[in-house]
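Q: Here are the chains, one letter per residue:
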Amino acid sequence: MTDPMTTDAPIPLLATAPECVHCGFCLPACPTYDVLGTEMDSPRGRLALMSALESGDLAPTRAAVGHLDACLGCRACETACPSGVPYGERLEATRATLHDSPLRDRRAAQASRWIRAAVTAPAWMQRLGAGGQRVLRAVGVDRLAERWAARHPDTHLGAALSLWSAGSHWAAQRPSPAPGTTFAPSGPRRMRVALHLGCMQRWMFGGVHRDTIDVLTALGCEVVVPVGQGCCGALAAHEGAADEARGWMRHNLDAYERAGPFDALVVNAAGCGSSLADAARLFDDDATRERAVALGSRVRDVLDLVAELGPLPHARWTHRTQRVAYHDACHLAHAQGVRAAPRRVLEGLPGLELVALAEADRCCGSAGIYNVTQPATALAVLEGKLERLAALDIDVVAAGNPGCLLQLEAGARRAGHTWRLAHPIELVAGRLR
Amino acid sequence: MESMSTTHDRSAVLAALTARLGAERVTSDVADLLVYASDGSTLHDATPAGVVFPESTAEVVDIVTTCAAHGVPFVARGSGTGLSGGAMALDGGIVVALNRLRRILDVDVPNRCARVQPGVANLAISRAVEHHGLHYAPDPSSQAVCSIGGNVAHNSGGPHTLKNGVTVNHVLGLQIVLSDGTLVDVGGPERPGYDLAALITGSEGTFGIVTEVTVKLSPLPEGVRTAIAAFATIDDASHAVTSVIAGGLMPAALEMLDRVVVAALEAAFGLTFPPGAAALLLLECDGPEDGLDDEISRAVDICREHGALEVRLARDDNERAALWTARKKAFGALGRIARNYCTQDGVIPRTKLPEMLRRVGEIADRHRLRVANVFHAGDGNLHPCILFDDRDADERARVVSAGREILDVCLELGGSLSGEHGIGIEKREAMARMFAEDDLAVMRALREALDPLGLCNPHKVLPGGSRCVELGPGGKQVHA
Ligand SMILES: Cc1cc2nc3c(=O)[nH]c(=O)nc-3n(C[C@H](O)[C@H](O)[C@H](O)COP(=O)(O)OP(=O)(O)OC[C@H]3O[C@@H](n4cnc5c(N)ncnc54)[C@H](O)[C@@H]3O)c2cc1C
Ligand code: SF4
Ligand code: SF4
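From first to last, the protein sequence lines stand for chains A and B.
Residues 1 to 433, numbered by this note's numbering, are exactly what the first sequence covers, in order.
Residues 1 to 480, numbered by this note's numbering, are exactly what the second sequence covers, in order.
Simulated from the structure, these hints should not be mistaken for lab results.
Predicted model, so just to flag it, every value in this text is computed and none were measured.
Listed next, with one range per pair, are the computed distances between beta-carbon atoms:
# : chain 1 : residue 1 : chain 2 : residue 2 : range
1 : B       : G133      : A       : R147      : 45 to 51 Å
2 : A       : L13       : B       : E222      : 37 to 43 Å
3 : A       : S186      : B       : P219      : 55 to 61 Å
4 : B       : I104      : A       : L13       : 38 to 44 Å
Positions of the beta carbon are idealized from the N, C-alpha and C atoms, including for glycine.
Sequences are here, hints too, so could you generate the full structure?
A: Pasting the structure below:
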């Protein structure tokens, strides 16, 4: 044994992934611990449960499974954890072992399956859905649905409906570009980037994709939309449906390799970005892992890239100053460490004043489809976020993730707030027109 | 005064509480119990019979009364960051989890005090009053997490204890539910008679469950200067500490970190450490702006005189905050270099620091263990953290022996068993080595007077008793 006080020998770090040392620093960061006040619903508690399940010291109980399912997967605990416990990875792995467990809440599991099926449905069905949404909106059915949902926000259906109607304003924008399309840069080409369309944002957030393309081409990017790409698999992996997630990711690996060389895979949804960046986690075999690492290392959040590419040529002033609060999507801040870039971009826009939001990186309760599978807790988590927003004098709340946008829009409508929700890239693109 | 409750009694308590509070607020599910089996330490655990989540003082009274009626022991739990096993429920007791009692009831700015519920986090109090230019001064490194109730129970300190004092100096009054369910208010401004608030502070939850705390709020210092100095040897750093204080300076904090800790902090926070350095000293001076620069530069000079390799001043609040985050999260960062750690909490006269640290190193070597040191150097409060792997039963046993020996050295050097983490279950046997039998008898008499049935956090703090707590292999309590 060498005495660390008298030798200069380097102190070795733990060779394996760090374990939970019970320091408790994650507790105040955890939104579910905050609203439920029970340690089983805290990161430290959940890790104790996961370790005991893994070692066999604990046979799954309905309570244990319930606490694990009540986790948002927001990974705020990872940011807080000085030990470096890879919480998100542990959660996905544990959920995979419990995926078919009869102890899981059946209705929540069913809701999750339906939503995954809906958002990953073939393009023609999604076009139909989006069209349907426009028709229903035109005849006012969405108002009825919204009213019913507003009275039952803590039910699976009520939550799903209010999110669906919250999305109507985005669904009415320009449709997503068709895969296979290439957009030329205005001016000399600085880089070639691929755009990930995703599942839900492909049919609901076409306008955000268009804005992404407009901004990137204005900044000198050639933007390709590779054929054959699909869902990133995050929703499935989050839920413990590991095979389903792996299937999607293989699909993407093939598609993006076929797309030819590109400098960055641009993603404008935090959840997808984090899932793609960390694609290697899904695979055991070295060959696939290598491919996944190669893809993952090129993943860039759109705002992160825009920040790097620098100020917009010919940005235009808006009529009056927009006061904007930026909400950090968990899978940008906690999972990808993207915090400063979006703020820098927004602050640099003419006619925009960034207003500091307290606890901006605390989850809004959206968390993939958590707001549908665990509606009551999601609402409680959202409440704090809305309170902190309501304390500000703002026109717009910006968030770089479609899930957050829907959750915050639905919450704002229910509470009668007047701010508009926008993806930051929409605000950037607004200065182009 | 030992309780001998049966499974039947415990079930009766849980059933009665479930009926009144609802199933959502009482649990005895094995998974839930597992989570509440341990606190901030990973060396021991004990499975409670149930966990109850009160949402009001009246409910705490109800829970305690019900336990008393059935002779079932109970233990208050705050945030479970205690490091001496204090919140472990021995004898199949009931854990009363106070995390839902976390309202700040009243802030009295003119009189500089606040009345808060026990589950409020230490830091939450300071956050709530900072816009008045005030804060709650005691700042345990766990302050973002630990509850004020836990702070009162352990009379917690922190890096700024050096200048500001510990919890007891900042508690003005308490409301406590005694073990028979009586609700009493103690302390408060200008109340003559016995200072019961001071007595309860530091009683580690053995006198009852605190349901309200009135804390003193202090003005935020006008200015703060923070420096970090690196030394080639622990001895140099220790001598610098002694000289700073002997030189008449009154630093607000004076913290030492050895290179094992710094390696962990480097991995966790990217903190850099000059090559060849064996110890870091974190120094802070605060107070009126006038003269503050002078004070810190005198401290820096002293460090240089003692051979500091490098001294850096925090340039702004961000840099200062980064240094403190690293320091305060140091225990947690040890997870980067070991699966588990066990923190010791001895106190020694400051002048004995070099000798003490050498002997800690020898003890660790003898037991084939690694130690990381991070501590409040200014007041001689050591925290040698013994690194271990909880899957290795033999190593666990060696950790326990080494911990004992370290405490013995503290006593031998004229120090104490605990600076701030309390005695809990971990150090209770050592109490007999620190105190004479007569001293312990007074403590026992006091405890029996306040908790005649022995239901309130039994087996903690005081040694012995008619029944021995048996900690089985892996530190798990074996109970019938
Ligand atoms: C990373 C880390 C750093 C730390 N740094 C410091 C430090 O710098 N200084 C320091 O002093 N300590 C420190 N500690 C120890 C610990 O945080 C303190 O002892 C703290 O006061 C415990 O508070 P808690 O709410 O977590 O209490 P718990 O662990 O839940 O309980 C501790 C004890 O208090 C009793 N208790 C809790 N609430 C009540 C109540 N309402 N009424 C009666 N009894 C009650 C419990 O029964 C138990 O005996 C640290 C711990 C960690 C993990
Ligand atoms: S912060 Fe990390 S090590 Fe500390 S209790 Fe939480 S998960 Fe465990
Ligand atoms: S992922 Fe989020 S909700 Fe889940 S334990 Fe961590 S902080 Fe809590």
